[in-house]
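Visitor: Next come the chains, spelled out residue by residue.
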Amino acid sequence: MKVLVPVKRVLDYNVKPRVKADGTGVDLANVKMSMNPFDEIAIEEAVRLKEKGAATEIVVVTIGVAKAETDVLLTARAMGADRGILIQTDETVEPLAVAKLLAKVAEEEQPGLIILGKQAIDDDSNQTGQMLAALLGWAQGTFASKVEIAGDRVHVTREIDGGLETVDLKLPAIVTTDLRLNEPRYATLPNIMKAKTKPVAKKTVADYGVDITPRLTTLKVVEPAKRQAGIKVGSVDELVEKLKGMGVA
Amino acid sequence: MKTLVWVEHDNQSVKDATLSTVTAAAKLGDVHLLVAGKGVSGVAEAAAKIEGVGKVHVADDAAYEHFLAENVAPLIVQLMGDHDAVLFPATTTGKNVAPRVAAALDVMQISDILSVEGADTFTRPIYAGNAIATVQTSDKKLVLTVRGTAFDKAATTGGSGTVEAVAAAGDTGLSTFAGAEIAASERPELTSAKIIVSGGRALGSSEQFHALIDPLADKLGAAVGASRAAVDAGYAPNDYQVGQTGKIVAPMVYVAVGISGAIQHLAGMKDSKTIVAINKDEDAPIFQVADIGLVGDLFTLVPELTEKL
Numbered sequence: 001m002k003v004l005v006p007v008k009r010v011l012d013y014n015v016k017p018r019v020k021a022d023g024t025g026v027d028l029a030n031v032k033m034s035m036n037p038f039d040e041i042a043i044e045e046a047v048r049l050k051e052k053g054a055a056t057e058i059v060v061v062t063i064g065v066a067k068a069e070t071d072v073l074l075t076a077r078a079m080g081a082d083r084g085i086l087i088q089t090d091e092t093v094e095p096l097a098v099a100k101l102l103a104k105v106a107e108e109e110q111p112g113l114i115i116l117g118k119q120a121i122d123d124d125s126n127q128t129g130q131m132l133a134a135l136l137g138w139a140q141g142t143f144a145s146k147v148e149i150a151g152d153r154v155h156v157t158r159e160i161d162g163g164l165e166t167v168d169l170k171l172p173a174i175v176t177t178d179l180r181l182n183e184p185r186y187a188t189l190p191n192i193m194k195a196k197t198k199p200v201a202k203k204t205v206a207d208y209g210v211d212i213t214p215r216l217t218t219l220k221v222v223e224p225a226k227r228q229a230g231i232k233v234g235s236v237d238e239l240v241e242k243l244k245g246m247g248v249a
Numbered sequence: 001m002k003t004l005v006w007v008e009h010d011n012q013s014v015k016d017a018t019l020s021t022v023t024a025a026a027k028l029g030d031v032h033l034l035v036a037g038k039g040v041s042g043v044a045e046a047a048a049k050i051e052g053v054g055k056v057h058v059a060d061d062a063a064y065e066h067f068l069a070e071n072v073a074p075l076i077v078q079l080m081g082d083h084d085a086v087l088f089p090a091t092t093t094g095k096n097v098a099p100r101v102a103a104a105l106d107v108m109q110i111s112d113i114l115s116v117e118g119a120d121t122f123t124r125p126i127y128a129g130n131a132i133a134t135v136q137t138s139d140k141k142l143v144l145t146v147r148g149t150a151f152d153k154a155a156t157t158g159g160s161g162t163v164e165a166v167a168a169a170g171d172t173g174l175s176t177f178a179g180a181e182i183a184a185s186e187r188p189e190l191t192s193a194k195i196i197v198s199g200g201r202a203l204g205s206s207e208q209f210h211a212l213i214d215p216l217a218d219k220l221g222a223a224v225g226a227s228r229a230a231v232d233a234g235y236a237p238n239d240y241q242v243g244q245t246g247k248i249v250a251p252m253v254y255v256a257v258g259i260s261g262a263i264q265h266l267a268g269m270k271d272s273k274t275i276v277a278i279n280k281d282e283d284a285p286i287f288q289v290a291d292i293g294l295v296g297d298l299f300t301l302v303p304e305l306t307e308k309l
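Here the protein sequences line up with chains A and B, keeping their order. Note that my numbering numbers the first sequence so that position 115 is 115, with each residue one more than the last. Note that my numbering numbers the second sequence so that position 39 is 39, with each residue one more than the last.
Okay, chain B solo, but in the shape it has when bound (with noise of 0.2 Å):
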């Protein structure tokens, strides 16, 4: 089988989401790469790089710069006329427009997979995680995403992809973008950190989530995470929210304040190596998940795990 991953970067660099991405494409088949942006050479030489890695198309043009999935749908509808399965990272950007390409080659797309049980059959979370169902496809081609924590992310050595330039297939001028607010961090990106620190509702403000749970995850190296209630009361921004409608982890140490741990939280953090929680209420659902608990006052006991570390 002939796979092609939309690599997924931004205009810079080869992000880590696409690496696992790679994993599961390699167990269907040849592995090839589309990167489509503007200015992307050097994206492309990384991405020619990546372990297993047989061809990377290359598509450089304004119309690609935002991945706009207007226009780079028809993209990638193109190149399917040669694959026979493409594979997207269950980012925001591979949600975006991998239904937009299935619904062009008539094909029912398969969302968030975590296994691939054969080359038409593969396991994926329904309701919030709360079951697994295995599904089995009789489309000729397929269209896939790929939840990035249930794959090892293959090596970005090793690998001696050749870069090939596929001809742009235009702008649809349908849509245009007009701008992002992209928090500049100087932390790890949560969904491929080693250790995330998320805080909870119970830290009662914007001003003590930051004060109690910014020196944690700093003196850790590690993301910042928040729950849905917290993200709610405006505590922390949108886009820090782990669960199920927000981020999907896995880091080696989750290390959850004052976070409850109701389903939607625990559909997007359960698969961390290590979690911590540390709590008030002692009979919080969190404890039935947590490796190491920690029962007691968030606001005495993070300061002084900060201090001790």
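Next up, chain A with everything else stripped away, as it sits in the complex (with noise of 0.2 Å):
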């Protein structure tokens, strides 16, 4: 079984996002740029479905600029994806055209499962994998903890409010990960030299024929209103006498 996974490359999540003065956006001029970390535990999912035999192939994609190939593409062969595809743009692309090229790419590959990242740690859409899923009419196992496959079917173990849910999906289907599902391995630098000789195919958005005009337009982007810090209190009998201020017990 092909496993297809979709990856971002996005502000490092180290980095803390400056607001741009102008109120355009954030700045993300000479920052570091990573592996969006939900799209990290996808490619180690895959990888470990392939040594427990279960996938036979690992196939990643992008769509973004051109610094994509060597700031994600590089990192997801690294750890064991064994070819890449770019599908170089520099416009901004949100999750419904991402969702429609990506299924164009399903189409080609004819992957029997997907796994993506439950949400990229940028604009926190949440979107991508279930808008897939819709597209191409497949079953969805979102935020999940646990994936097993089993034969023609893939047991998904899914975080919810009030605890844990398992679905059972015929594949092929989509999986979107959640923080729990694994620890990415590292891509280390002997894998890095490793990965520059696995193919990398690269595309633009005509070669799929995917209108990614924005439905959006952001009017401004500013910083969160800010908590002024209070008191500090000196022993628990302050802090008793205070709770009891508040009409709290």
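Hints are computed from structural coordinates only; laboratory data are not their basis. Don't take each hint at face value.
25 Å max Cα-Cα, derived BS3-like pairs, lysine-lysine [what the hints assert, rightly or not]:
1) B:K27 - B:K141
2) A:K220 - B:K270
3) B:K280 - A:K232
4) B:K27 - A:K220
5) A:K244 - B:K280
6) B:K49 - A:K232
7) B:K49 - B:K2
8) A:K242 - B:K270
Sample of chain B residues lacking proximity to chain A, with all beta carbon distances greater than 10 Å (derived) [claimed, not checked]:
9) K2
10) A62
11) H66
12) L79
13) D152
14) G173
15) P188
None of the values given here were measured: they were computed from a predicted structure. From the three backbone atoms N, C-alpha and C, an ideal C-beta is built for every residue, glycine too.
Hints are included, so try docking the two chains, each in its own frame, into the full complex.
Guide: Laid out in structure tokens, this is it:
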């Protein structure tokens, strides 16, 4: 079974986002960009499926600027993906357009399973996997904390509000990863060197004939209202008094 | 504008997340509800009493018992022929179903809205709440998920909606429900609790987490939460996690015990009315957002606090 893993290049999660003074967005000039952390979990899960013999080939795909090839496709191949696809564009591509492009890739590649991060840590949309499932007419197992292939089905344990839920999906299917699905391995230097020999196909949006014109216009981006630090109390008694003053306890 | 609100429920009762979504929908126009589930006549009756509700569409069918997105989305798409907007609470159910509906309608969803600025304009958090974007859509129909803590809850009484059955759209057969482990708890639900006591990694073990946090929560009638670090360390179950990737909460009082205050965690609780922090490190970032701080050893302070309340 072939596994397709779409990944996104985002502001590295260790970098504190800074809102641009002109209110047009978050400043991405000269900052470290990396693979979306939820997507690393997706790659790791695909690699584990391959190690277990449930997957035969892992194809990683990204949509974005040319630098995505070195920033994320290389990392993904160093982690264990077999080959990459870069759909190069400098435009903003919204989740709906991403899903449409990925649906075309899926038609070409015919994967048995597509694993995606549940959300990207830049726009926090949490949409692409579900949209792709809708466009392909496939089952979806979102927010996965456990994935088990069983013949032509996949059992996905999902993190839901009250606890956990398990669904049994017909393959091919979509899985989106939650934080506790696995702990991604590091892309080691020798593996990064080796990964350079794994192929990457370079494509453009036009190759897929998808209209990626954005539907949304960002009018402005601001910093959230800041909370002011309050007071410090010196003892539990003082704290109890404060809580009682608020009508608590 | 005619709006359709997804009613969050467990086939027994309406969940609070529905109520803030109704408030958001009322800012756009007429509010219709959809109750999809199995054996949900009681839920539909209760939903019809929510303030400001016009019609309640009820789809009562085994295919909807577990709210599987594969089955529920086609039902909503069908109802969207006659509605201009669909709003879901940003719960795990809402987040699972909404994009499947949006893609089927060829609409770019707007996730996790914080405010309604106009019929096509909304604010929403990006970068884990480190920035707030105002976005305007050019789509003819709206698909929105609503952050519960950003809107007041509509009253559960005073409404006189009419209940109308809708034909089920059938079972796609793509997915089946295989089981759930829902934590049974006497305590209030995290996302709707008035008081929350949350523990962090400083608690050191699962035993200490429960030995210190649980009695304090019980004394205050509070829900129990945890930081991602505490959950990752196995001190507390996954569904306790408060933060950008966990639950977003905004109680009257949030008590953070042994939580340093990572951005990720703050994004999930910084809209709480009053934040109380207990931490031994006086430079911990949590004190920058806390209204009341107490510096010291939580292993002596927390039992003392529980005792004196």
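Visitor: Tell me the hint numbers this structure goes against, listed in increasing order.
Guide: 6, 11 and 14
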